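**Q** Sequence:
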Amino acid sequence: MKADTMYFGMLEFNKEELICFEEGLFGFENRKDFLPVPFEADDDTILCLQSIEDRDTSFIIMNPFRLSPDYNPKLKPEDYKRLGTSREEDLSYYVICVIRNTPEESTVNLKCPVVVNSVTRKAIQVILEDGNYRFRHSLSEFSGREV
82 MKADTMYFGM LEFNKEELIC FEEGLFGFEN RKDFLPVPFE ADDDTILCLQ
132 SIEDRDTSFI IMNPFRLSPD YNPKLKPEDY KRLGTSREED LSYYVICVIR
182 NTPEESTVNL KCPVVVNSVT RKAIQVILED GNYRFRHSLS EFSGREV
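According to our numbering, the residues represented by the sequence shown are 82 to 228, in order.
Calculated directly from the structure, the hints in this document are not laboratory data.
The structure displayed is predicted, hence computed values, not measured ones.
All the given hints hold, so there is nothing to weed out.
Straight-line alpha carbon distances no greater than 27 Å define the calculated DSSO-like cross-link-like pairs of lysine-lysine that follow: (1) 192 x 203; (2) 203 x 162; (3) 203 x 155; (4) 192 x 162; (5) 203 x 113; (6) 113 x 192; (7) 192 x 157; (8) 96 x 113; (9) 83 x 96; (10) 83 x 113; (11) 83 x 203; (12) 157 x 203; (13) 192 x 155; (14) 113 x 157.
Build out the structure end to end from the sequences listed, making use of the hints.
**A** And the structure:
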């Protein structure tokens, strides 16, 4: 399969690489199928989450545990059901970033992670109830950490 991407031009991929959001992402409910593309080969720290339905719908996502090793998202039982697993080890977490000119202006959303069932490739975006996580954490809060 092929997809026209915002940052990488035309890419070939296998259907098995896709992540499916049956409910879409918040604000993008009509976009269901996304291709995760690492900015660096074999590194899941920073990726482009590219809609294969619309080249202009693309998100920068990061592994939140690389930013904050003590990040501890708590899913609800219904979230596990929507993901089709009860096994935490089947899940991968990513957070959406907004990249601006400086780390102080750039933000990461720890409140609403993207959660992927690595076995089935089914994904959801959730809103965590934990009050310690905000929609906009400045990337500068994590300065000094190797990402």
